[in-house]
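Chemist: Please put together the full structure from these sequences, using the hints given.
Residue numbers (the numbering used here), protein chains in the order written: chain A, 1 to 238; chain B, 1 to 119.
No lab work stands behind these hints: they were computed from the structure. Honestly, I wouldn't trust all of these hints.
Computed beta-carbon distance windows for the label pairs [stated by the list, open to error]:
no. : chain 1 : residue 1 : chain 2 : residue 2 : range
1   : B       : 83        : A       : 120       : 32 to 40 Å
2   : B       : 118       : A       : 117       : 47 to 55 Å
3   : A       : 123       : B       : 118       : 39 to 47 Å
4   : B       : 77        : A       : 143       : 49 to 57 Å
5   : B       : 49        : A       : 48        : 21 to 29 Å
6   : B       : 105       : A       : 48        : 17 to 25 Å
7   : A       : 202       : B       : 24        : 24 to 32 Å
Predicted model only: the values in this text are computed from it and were never measured. In this text, a Cβ means the ideal position worked out from N, Cα and C, and glycines have one as well.
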Amino acid sequence: MQESHQQHGEHRSAHLAHQFDTLDQQYQSGKLGIWIFLVTEILLFAGLFCVYAVYRANHPDIFIYAHRFLNKNLGALNTAVLIFSSFTMAWAVRAAQLGKKRALVNLLAITLLCAFIFLGVKYVEYQNKWKEGLLWGTHYHPIEEAAHAGEAAPADSAEAHYTGPPNVHVFFGIYFLMTGLHALHIIAGMAIIGWVLVKARRGAFSPSYFYPVDYAGLYWHLVDLIWIFLFPLLYLIR
Amino acid sequence: MSEHAHSQPGHGSDATVHVVPFRILVAVWLALMVLTVVTVEVVYIDLGNLNLYLAMAIATVKGALVALYFMHLRYDRPFHAIVFVTALVFVLLFVSLVLTDSGQYQPNIDLRQEQLLGK
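Modeler: And the structure:
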């Protein structure tokens, strides 16, 4: 198998770059690189979590009022889809490590399909917000039906049809910024998984060279991890 | 199937490539689904401020499961976990210091807003 790369240069594995002594060293270096990249991603999202924390701490009424316009069921559905895709991705890494090519290709395809479903559901959610005028900043023009979506529809709405707190658009600004940046990461993940899928179909991976699958998996799990926090913070406010 | 797909020659260590057993992957997935249902259902119970802390605690447990098993941190070299946890510590510092700071000047903002509205 890969014993050859211990010997002279001409017997080195084709996957082994010249600056590394062993495939293992190469694998660990790449993995550390991915982890450092994931750290930069965490810190990028940390800025947005910070914005969220400050606004929620100072204006809890906005969050309690506005979160009811988000569809809990669709959010939960997307959480389940993303968790399942993370599971199939972890399973795909296992298949790659064991050299099961067909399982690897199928599992990557399922993961990619889940990403499409996630974006499809996201599209429906965004479209509803768009129709209801629930957008960021100066684009926040809620139509009247939206005001009755919550159970807090007032019995005596004689003076005004709007009963919520001021500056509700801040919530939707945060919502679109956080879920939008997350959706961009989903799209990037789909490109990466698609590329790994094409390589897997060509039989590029083996138990001694499965690293790209592992690296793509680490990234995909981080995208899932961020959603695990976004879902309760945006959809499940009480 | 063996836990370790193959041992790497040269380093005398076979811990670098670890194949997570399939039943563990399934167990983690089921646990994540159960916790998702719990976090959705618990919103309907009024626990006051505890709702937020509970939601974050559940999310943290879910995140830990993903990181430990799906991202292999439990079986990996500890250095990757150190890198990851260091990032989380900085996130915590970042958010808590900003929250403390904004909590300090928020009364001034509220006061100014009242003055402006009062005009």
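Chemist: Against each hint, give a clear statement of whether it holds in the structure.
Modeler: Against the structure, the hints come out as follows:
| no. | hint | verdict |
| --- | --- | --- |
| 1 | B:83 - A:120: 32 to 40 Å | holds (34 Å) |
| 2 | B:118 - A:117: 47 to 55 Å | holds (52 Å) |
| 3 | A:123 - B:118: 39 to 47 Å | holds (45 Å) |
| 4 | B:77 - A:143: 49 to 57 Å | holds (55 Å) |
| 5 | B:49 - A:48: 21 to 29 Å | holds (23 Å) |
| 6 | B:105 - A:48: 17 to 25 Å | holds (21 Å) |
| 7 | A:202 - B:24: 24 to 32 Å | holds (30 Å) |
Checked against the numbered hints given earlier, the structure satisfies every one of them.
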